Amino acid sequence: MRGSAQGSRRGGGIRRGEARAGWLFVTPAIGIIVVFLVIPIGLALWVSFSDWNGYQSPLNPRVEFVGLENYAAITVDPGLDQQNFGTSVRNNLWYVVFVVPLQTIIALLLAVQLNRAVLRGRGFFRTAFYFPSVTSTVAIVIVFQFLFTASGAVNAVLGFFGVNGPNWFNDPNGIFHNVAAAVGVTGPPPALEGAGPLGVTWWDWLAGPSVAMSSLIMLAIFTTSGTFMLLFLAALQSIGAEIDEAALMDGSGPVRKFFSITLPMLRPTLFTVLTLGLIGTWQVFDQIYVLGTTAGGTITTPAFLAYNTSFEELKWGQGAAIAFILFGFIIVLTLLQRWILKEREPGRRRSVFREPDAAAGAVGADPADRALLAGADTHERSRS
Amino acid sequence: MRKSQWSAAVIAAGLITTLAACSSGGGGGAEASGQELTLLIGSSGDAETTAVQAAADAWGEETGNTVEVIAANDLVQQLGQGFAGNEPPDLFYMPWDQFQTYAGQGFLEPYAEDLANADQFLPALREQFTYDDQFYCAPKDFSTLGLQIDTDAWAAAGLTDADIPTDWDGLTAAAQKLTTPETVGLSFGREYGRLGVFMNQAGGELVDGDTVIADSPENVAGLDYAQSLIDAGSLKFPQDLEAGWGGEAFGLGKTAMVIEGPWINGAMKNDFPDRTFINVELPAGPGGPSTFAFSNCWGIPAGSPTLDATTDLVEYLTSDEQQLAFAEAFGVIPSTGSGSAAYAEQFPDNAAFVAGVDYAVSPVAFAGAATAITDFNTQLETQGLTDPDAVLGGLQTNLQVALDEANG
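Quick note, the sequences are listed as chains A and B, same order. Under the working numbering, think of the first position of the first sequence as 1, with each following residue one higher. Under the working numbering, think of the first position of the second sequence as 1001, with each following residue one higher.
Okay, chain B solo, but in the shape it has when bound (with noise of 0.2 Å):
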């Protein structure tokens, strides 16, 4: 009776420990075939999903190995969750905004430099996925911002193709004659990553090597000519004009002429089919030509017992071949120079796109950078473009606090 007892209670704690031992599971070896591979994407919608796994599982098949996609719900939340669970996905989209954070925090393989097409990704995507001098991963393609300019608008402003903005003074002139009552000539997100191109293209920088500059002369003249837009009744925010972002301002005809990335193409087509537009170059401020680039690179967790495989994996997806079947299924860019360059031939409306590349400089977003950005979009929201001396002095303040905590 007692031995029953005690058997039993041998017997339960038994099988609390096998489920806990369940698990944790088995790493594998280092060979490029016969693996089984988990790839976590932030995927923009089922043509991204089924292009991404079509290409997988075509290398799958020439390599012998299965690759199963995963489309994330929030990429940022599963990745973290991957990590500290000690099983991240084999390879998965890195976000350029997290890129520096992952990659100080020692999350990432600096695999980039080891691949075979290493040297034809383009120079500005190379320098946005390299952290301390290292290449760390493949750029998967890239977006630049280019502005959009709606082509009826343009016609019955009286407007032609020598009148469209190649630098400041046109755009505000063509900004000007586009305002009209019902629609104001220029809009685009109140944010860092609109704004900082005209800080740029004013000669400004955030970040000069150990030292933040935000609030140099350069960058207060951008604000100051955005304000001047402003003052004159031709730039508007989408949240002044009732919509949730550039585009949909845009596509509702609320303004003539938005600043958006290659994205605003697929959003006009799904949701204001008529709007007929043309994507051209940002115009170059007094300090030259600039624009943000956006990208993700192809990630890979550090000391991946996976490593031969998945890199074998990026060197197919980076492919001139296989990121031009990426653009014609969902849009992209692609991210090497001759791979763009066909791109450019093959999409010509969306050239101004890649034009835009060659001078294309990163969003600031090393470790920390994100909430002094963030602090400086809330501040924009709430005071406005009229003081950029105060707005740029609290981003200069937070930014060099938070750049001192991420170089130690």
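Chain A with its partners taken away, still in its complex shape (with noise of 0.2 Å):
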């Protein structure tokens, strides 16, 4: 009776009892995500705020609550914990700075190249981009390690135009601090003394990446440059022919092409990538693995320092703590990134419910929209 109450609360008739099924056809997905995702989630959630060493399971009645000790001792109360904490942050902070820009660039910029149609071997060219991608990263450390030991291939270039290379991966020195001394700057400027934000003074925060981290910056982008390539290709490709020639008919160059047409297209693909780029590197851990805390601690990441904490220092909470905080981190840049990338020309901010092609009719003189409005047409007629 009551069964039947319900299916026809949910419609009866032929459709009674379909919810339920459903949710027995969810279930196993359901019980996945719960048993692997949630209660891991939860769990280590739990482990933050607890003094869990990594004796037995963290639920057993010996592990207390700590509140936010664990979070405390990295963030606000002074010591070796949160200076290591405060560096990790600073040389993640440079990797992230360097590495996503530059690699969306390259990575664009290879798209774009390999998207012309006059291009020969553009299968070659796509498998030798986007091999580094599908090779694993810790196979490539090694590489990049022989490549830029001291003697190695890439010193033995740079000597080859007089340079005398650096030791690469065990180089503690900033680059910028380099830059610094090399106009005279040996030390920090009074202004620059000061102890800033996590026990790192503002003079070490600008200290720009260590030369063993602009290796692995190198790394980085060598790597992901080709999966992001190929985003921006299929993006590229979904772009019609008719809207270049729209464009080109409009006497725009292949500059304003670029920035006015594709740059604005591929806005989607652009926001993917850079997503994916800040989680990625925000995340950095494998190639910092492999290399071990070489380069006085210049190349660890908060992901490194959390399995260290844990592994090594049976610190399980506070690795706990870190792996968050670097979770908010990326909530908050992605956030940050996402409204940065938001649509907003003049008049057009407040148009949220406006439907699309209500925007596309509302045309102004923007070049761009002419060479849609164009392309539009083109592509009408080649269907009639």
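Don't read these hints as lab results, they were simulated from the structure. Check before you lean on any hint, since a few could be wrong.
[What the hints assert, rightly or not] Listed below are the simulated SDA-like cross-link pairs for lysine to any residue, each with C-alpha atoms no more than 20 Å apart in a straight line:
hint: 1; chain 1: B; residue 1: K1254; chain 2: A; residue 2: A156
hint: 2; chain 1: B; residue 1: K1254; chain 2: A; residue 2: G165
hint: 3; chain 1: B; residue 1: K1254; chain 2: A; residue 2: T149
hint: 4; chain 1: B; residue 1: K1254; chain 2: A; residue 2: N155
Remember, predicted model here, so these are calculated numbers, not experimental data.
Join these two chains into a complex; the hints should help.
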């Protein structure tokens, strides 16, 4: 009786009981998500608020709730833990600042070049550029280790041009500090001597990536540009040739066309690439794990620090806290970047609910819009 | 119809529970035979894995147990995983630098005092694996630091056996004579694990009871001595010689002397078979002779259900005979007095390492010390040794904080 009453509430008749069957069908998926995602994350969150030392289950009765102690130890309590966390954030921040824009720009340039119909052997280049992405990072790190040793190939090439290359993976000096030293500033000016956030002085915050980190930046760009190039390539191929033609008819040169047509049309892909890049770079771990703690701690990242704190020092709570702070960082930065990339041309900002067609109809003197319209026209004509 | 739907749901739910329940296994009793033991080792290579497996099999045959030897890719990580999952291996290599952390957190069974051969282990190693006045686990083997001398460079510099340095002055003189435009006299890693030896030789210590005395004048004197060698141009660190570690610089002929442990024998044999060298004891400083001892022990998890069987296995593995077999197979030095003496006789080239254990000390490794030591190494790398007071001052502060925390 109750069953049928429920059934009728949900529509009754022939569709009676469909909801229940639906729930049944999604149960395995929900079960997997709960077991492998929700429970572990919940457990990790608990660990970050507890004094669990890694002995038996984190839910055993000896584990105690310590509130925000683990978070405080790495963020506000002065000491080595805070300083290490600050340094790792500094390292990773510079890594992100360099890797994300560079890999995006390079991926985009490669994609645009590969998208040109005149290019011969496109298949070859596509494979060649994509190849580093399908190779294991660990393998690439080891190859890079050989290339970048003090007496390695990179320094041999630099030596050929008379440049005395650094001892890449072992050089802890920040590149901005090196630049400053080149103009005679070897110590912090009084304004930067003070302690900045997270127990790291402003002078050290501004050190830039260390030489060791710079080699990892090159490595990251080398490996990930191919992946993102593929994303851009797919997006570029969905831009019809007629739009290009229309732009050509309107007299725009290649540069104008790129900035006014191609780039705006790639905005969704750009968002995807930047978001993936941002998340990936803030979680960099395997390269650091392979290289170990060389270069005086200038290549440790929060993800590696979380691992190290947990497994080596058995401070699992603190390790989990680092992981959650990192999670927060990524969310905040992704939202920030989403906000920056939001379309906000004058007059359009408030028209959130306007139909895309209507928007296209209300064209201004914008050449991109004109080209778009012209493109749509050509499209219509070619269909008829 | 409806009934079948609900029973399907029940079956699905039941399946999930069954799958989840599958993961937990049962424990064993306290019998010393018929057990299936797991043995987790951080292996240096196939030779070590095979030798340990062979020894464990021989013991298993004798006692009616089976032992599975697992060579870890990352020992500390796999140990942590085992303990967190409540399924630690029955027996494992416990590295010296992690020992106090593990013992302090109550992970380890303090079984070593009850071993039949408990009093045969070398005192320095016994001390290394003692926590809170309890001898926790049996040392597996050990290494000490010695001085390696490239015999060709030595002869080329016109030096004789009489010049082999026994004190700092001798070392300064020898390093000076060995330094040529291509080769530096002495090299070793710019880290606590090497420079700490000089601090100890000067009579310094890092910890005295509950107090850290890292910034003592003796420690400063140790670093000052190293700096004097740098100033004289006869000491360069491997990084400055474009080498990954001391052994590589030595093998490449970029330095005529290094300070390393017995592992250098294997590395030279594999990578630089042409290099001929001798191992001698480290020269003594003003505070007397000193070197570092590094060792692993055979760890058994606290409250292990297979304790009887595993202690028996440890007794077997740490017997002189078995340790000498290991020494032959993969070049480790036995951890017992009689075993190491027999080893020194059998491998006279390595006698210096054995001699060192008489005055060897353990590097500081209390729980939490690792972070302070890592930071010290960083400071050494970024600031150098020119201002020992500054780098030791930082170490003093950080180490004291860690020590207070470790002592609760």
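Evaluation of the provided hints:
1. K1254/B to A156/A: holds, 18 Å
2. K1254/B to G165/A: Since the Cα atoms of K1254/B and G165/A sit roughly 19 Å apart, the hinted pair holds (cutoff 20 Å).
3. K1254/B to T149/A: Holds: K1254/B and T149/A sit about 16 Å apart, inside 20 Å.
4. K1254/B to N155/A: holds, 18 Å
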